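K.L.:
Given next are the chains, with one letter for each unit.
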Amino acid sequence: MDQILQILAGTTVVFQPLSLLYLSIGFFIGIIFGALPGLTSMLAIVLLLPMTYTMPMTYALIMCMGVYMSGIYSGSITAITINIPGAPSALMTCLEGYPMMRKGLGAKAIGHATIGSAIGGSIGALLLIFVSPMAVSLALKIRTPGKFSLILFALVVIVIVEKKRMKAILTMAFGIMLATVGMDPLKSVSRFTFGIPNLIEGIDLTTLIIGAFAISELFDQAMVNNAEYKKITSAANSVKFKRREFFPTFQEMKEAGWKTYLKSSLIGYIIGVLPGAGASMAAFVSYVEAKRVSKHPERFGSGAVDGLVAAETANNAMCGGAMVPMLSLGIPGDGTTAIILGVLMVYGVVPGPDLLVKQMHVMAPMYMALLISAALLLPLSLFLFGPYYLKIVRINRLVLYSSIALIAILGVFAATYSAFQMGLALVIGVVMYFFKKQGYPNVPFILAVILGPLAEQYMRTTMTISSGNPLIFITHFDSLFFLLLTVAFAILLPRANRRADAMEKKAEDKVKL
Amino acid sequence: MKTLKPYLQAKVTIPFFMQVALIIYVISALQLAPPMVDGLLSESSFPFLIFLIASPAAIKLFLDGLKAIKKEIAETGSVVVVKKKKSIKPALIVLIMAVFILLFEILGFTILAPLYVFFFMLIYDDKPQDIVKKIIYALLIGVVVYVMYVIGFDIRFPELWR
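First to last, the protein sequences are chains Y and P.
Under UniProt numbering, the first residue of the first sequence carries the number 1, and numbering increases by one thereafter.
Under UniProt numbering, the first residue of the second sequence carries the number 1, and numbering increases by one thereafter.
It is worth saying that the hints were derived from the structure and are not from the lab.
Nothing here was measured: the structure is a model prediction, and the numbers come from that model.
Careful: at least some of the hints might be erroneous.
The list that follows gives simulated cross-link-like pairs (lysine to aspartate or glutamate, EDC-like), each with its CA atoms no further than 20 angstroms apart [stated by the list, open to error]:
#: 1; chain 1: P; residue 1: Lys11; chain 2: Y; residue 2: Asp220
#: 2; chain 1: P; residue 1: Lys11; chain 2: Y; residue 2: Glu162
#: 3; chain 1: Y; residue 1: Lys437; chain 2: P; residue 2: Asp64
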């Protein structure tokens, strides 16, 4: 109860003018990055990471929440208008949104997506507020062997949820290899420095993140033909919506079904809690469930409002869910929360139950910022800026990407004051570009970078506690629980994934058509 | 050697180089200490574990890659035709970034940043056009980023005159 009161007190912080300014900046950065194909909210936070160094932590976190929520939502804008998901999580939105657009209901589709995102985002944030105290009391029961088993569980789940598991293992190994460069966490020994003094301090987190996500993306974008891009986006430019067209009627919302909003929010939230699953999976599972229970499943694929609502509600509800394991256990729920975790680490904050018990006043504004940015979607998108969102794709690509190139490389310098680390970021970017080209997923990389060193620390500490007896991992109940959970997930998830993969492939093919 | 060329594709080379990196990684770790010292885990234990987990994945991907290429050769004749779009643009980006990084501490932000942005714009465009416009954009971006970092976030960049 005390924690909930503290969270509510965080509201006063968020409503301070400077906080609102940072929230708005984050919100609009998220809208731009989410709406533009190729850019994601994750990349936006990656670029903001070095700038947060000199900012008070509360403002940095508030800004990140704005980016996170609006970035997930705005992927639906180009998904609906030009059939290209602005963010990967908007793939399912294409299936129903674009057919609606072709029927002349594009504005209404954006309206439904906005309402769904606002409802899902708000429910996800509220669940975060009310569930996290419970998660904290559970997390407090986890001791060192259990912490290792929990991280192991997270790493295994991250690999299993990826379609290409072997590639996910390799990307993860690459992340851990880079994260272990430098001083040993328990002894005063330097590892993998190969006689290079600059490596003794290790590879900075910002270097790893910017290299893997921002610089590799720059190479990818160089392959895009500018004239072709302009041709595609000119379709969005030619679309004109009137403000009143965005509002779905009460009857139309009722047709989508209140149950769809609630169920999709819960699905999104629960999938968010699962490490590594992310918004795309939340949207997909929710969409499939909506189709399963629909009275008119035959309408799916040709502009079914309930399908659109299900996907958009779930992917925004995921935001709240993904924050729960990140804050209470230090295990990020998806790539974006992994980078937000990086922001916390920059300030020397170690997420975990202690953080939420002793420093809830610091975290509370962040919770409220997530809720407010979800609620803000309605007035800002429906009443004020909705018609202008379509103009985002008009932004000059050359200006945008060359700015990103400068901000990214300077970001590494701002974080490390080292040209050596800038060079490392470039090398990591090149390697990750080749990885990406061959379909190696990049989310396991960032989660490995964050969780790998923690796994090592807990594993070795546990073994020291038990004087080298590995049985400690099964004699402690918390550890045994997570090990059994790992085994269960390792058996059950691949089966569920196989079915999901087949259906998702069908959806992707349809979007390509 | 004549038959080796078709196999030099990313689906084979990436797992191959990852396996090589893993071997170097584990050897370097084992040179520090064996995985167990006095019954306790040493500084090489975790890297050793990573090697044990990732190596089978790298080997499997390597073999899968070989198999796929062999199959392709069997189906299409003797030469694997790579139909992917090839471009030197990513290589140019590496070059520009490398030059920027090498010169950044010597020449500083003010001189290098607009040039860097200008060349990036040239690369991202289909052909060299609107040069004056690009120069103006590059200068403007330089000013905005300078204001943002130096004035907004108090980051000190190197300058030639500093």
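K.L.:
Does each hint fit the structure? Answer for all of them.
P.N.:
Okay, the hints, checked on the actual structure:
1. For the hint pairing P/Lys11 with Y/Asp220, the CA-to-CA distance comes to about 18 angstroms; that is within 20 angstroms, so the pair holds.
2. Our distance criterion of 20 angstroms between C-alpha atoms is met by P/Lys11 and Y/Glu162, whose separation comes to about 18 angstroms.
3. Between the alpha carbons of Y/Lys437 and P/Asp64 the distance comes to roughly 17 angstroms, so the proposed pair stays at or under 20 angstroms and holds.
When each numbered hint is compared with the structure, no violation occurs for any of them.
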